[in-house]
Structures are given as structure tokens and as C-alpha cells.
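What follows is the residue order along each chain.
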Amino acid sequence: ETGVTQTPRHLVMGMTNKKSLKCEQHLGHNAMYWYKQSAKKPLELMFVYNFKEQTENNSVPSRFSPECPNSSHLFLHLHTLQPEDSALYLCASSQAGGLVNEQFFGPGTRLTVL
Amino acid sequence: GENVGLHLPTLSVQEGDNSIINCAYSNSASDYFIWYKQESGKGPQFIIDIRSNMDKRQGQRVTVLLNKTVKHLSLQIAATQPGDSAVYFCAETWAAGNKLTFGGGTRVLVKP
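Chains as they are written, first to last, in this note's numbering: chain R, 1 to 114; chain A, 115 to 226.
In short, the hints are calculated from the structure, not lab data.
A couple of the hints might just be wrong.
Subject to a maximum C-alpha distance of 16 Å in a straight line, what follows is the list of computed EDC-like cross-link-like pairs (lysine to aspartate or glutamate) [said to hold, decoys possible]:
(1) A/Lys213 - R/Glu24
(2) A/Lys213 - R/Glu53
(3) A/Lys182 - A/Asp131
(4) R/Lys19 - R/Glu1
(5) A/Lys185 - A/Asp169
(6) R/Lys52 - R/Glu24
(7) A/Lys156 - A/Asp198
(8) A/Lys182 - A/Asp198
(9) A/Lys225 - A/Asp131
(10) A/Lys213 - R/Glu44
(11) A/Lys225 - A/Glu129
(12) A/Lys170 - A/Glu129
(13) A/Lys156 - R/Glu1
(14) A/Lys213 - R/Glu102
(15) R/Lys19 - R/Asp85
Since the model is a prediction, treat every value here as computed from it, not as a measurement.
I would like the entire structure built from these sequences, with the hints used as guidance.
Shown next, in the form of C-alpha cells:
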């Protein structure tokens, strides 16, 4: 266990559905991240939150909407997704700032869009 | 499992042999590098890191080498074990930022 949990672990949704992915970290970190890992590309950073504020949006389509209500929780709201959005969505956390940036990853949510 | 369908370079190694995984990084300004291991069904897990003011760092059964001249990073695993079978990623960052850029990954298969 890395101290980062993600739910659900698997999700199948239609293109018209709305769903949310949840991430929770129990490490006392103040930075949280969403990554996408697809079958055709390596790990891609999507969003970064530092102290609950979004500091990075890596040109992610608006059908992905992140939310960070506090430093321990991160959500990814999904709506009108496309089949090419099927991937493993990974959440990570770390201490913001400083020279060391070890990010701790959750197990991911395997998303399939039909 | 994860990465099914992703055409990763694959390193097949006999149990007990040493493994060497290579990574070419992209940004000459990068000053901090990390190796991650991702087993099937899990997220990436930190293995070892190195700063740009070093060219070698050793951990338990792992050694990371950094060649800044050619922007090359390698991970050496001594006496490879079946539990080392996984996908290995290098990642880079710079200027004390918290944005990591990951390499494409290498799949290591350990043959008993």
C-alpha cells in the first residue's frame, strides 16, 4: 500500500454518462496529480494541484473536470467521454515544493468508454 | 493488466542475471531523475532517484547511472528475481518543480 487509494478500480461507462473518479491520500501531502496511462501512450500528466489550487492543466479536454476540495482528496469528473479516453487513470501525491519530488501513486482506475 | 497493448521495449533476463534498463531523457535542464517500477494491477512505485550533481547512486540491488553529456540514464538490477518482472519508467524534472515527465517504459520479464 502506498497510502494513496483510488475508487473505483474499474469503471465502464457509455459516452453519454457522467461519472467521477475519486482519489484519497493518507500521507499528509499537499500536492496531488492526475495522470492518464493509455495503451498507445506512456504516462501523461493531466492536472496538478498544489495546496488545493490547480497549477497545471496539460491541455486536457473539458470533458475531464478535476476537483480538489482539500489536500487529501482529488476527484476527476467525467462527462461525454469518447472511446479513446479509455485508459488507466492514476492519481499521485507528493510534498509540494522542495528539491525532492517523489510522487506516490495509487493503483489506478481502469476506465472503459463504450 | 496495465500496459497491455502498449508496444514497450522488452528485456528478457534469466533469473539471477543482472539487468540494465536504459532511458534517454529530453531536457538538458533536468536536475532530478527518478526510476519507477509498475507491476501489473498497481500504480508506479518509486525505486531510486538521483540528482544531476551525481553520476551514480546505489540502493538495495539497484544502481542508477547518469550521463548528462549524452542525456542518458540507466538502472541496473543485480541478481534479477521473478519479483522484478514489471514495467520500469524513468522520470525527469527540473528547477525544484513538481512536474514529472515520464519516459515510455521498458518491460522486464524474468525467466526462471
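For each hint, the structure was consulted:
1. A/Lys213 - R/Glu24: violated, 20 Å
2. A/Lys213 - R/Glu53: Given that 16 Å is the threshold and the Cα spacing comes to 15 Å, the pair holds.
3. A/Lys182 - A/Asp131: violated, 27 Å
4. R/Lys19 - R/Glu1: Measuring from Cα to Cα gives roughly 25 Å; hence the hint is violated.
5. A/Lys185 - A/Asp169: holds, 11 Å
6. R/Lys52 - R/Glu24: Within the cut-off at roughly 13 Å; holds.
7. A/Lys156 - A/Asp198: holds, 14 Å
8. A/Lys182 - A/Asp198: Outside the cut-off at roughly 27 Å; violated.
9. A/Lys225 - A/Asp131: Since the Cα atoms of A/Lys225 and A/Asp131 sit roughly 10 Å apart, the hinted pair holds (cutoff 16 Å).
10. A/Lys213 - R/Glu44: The hint holds at about 11 Å.
11. A/Lys225 - A/Glu129: holds, 6 Å
12. A/Lys170 - A/Glu129: Not OK: A/Lys170 and A/Glu129 at ~24 Å, beyond 16 Å, violated.
13. A/Lys156 - R/Glu1: holds, 10 Å
14. A/Lys213 - R/Glu102: Answer holds: A/Lys213 to R/Glu102 is near 11 Å, not above 16 Å.
15. R/Lys19 - R/Asp85: Status holds; Cα separation ~13 Å.
The structure shown violates the earlier hints numbered 1, 3, 4, 8, 12.
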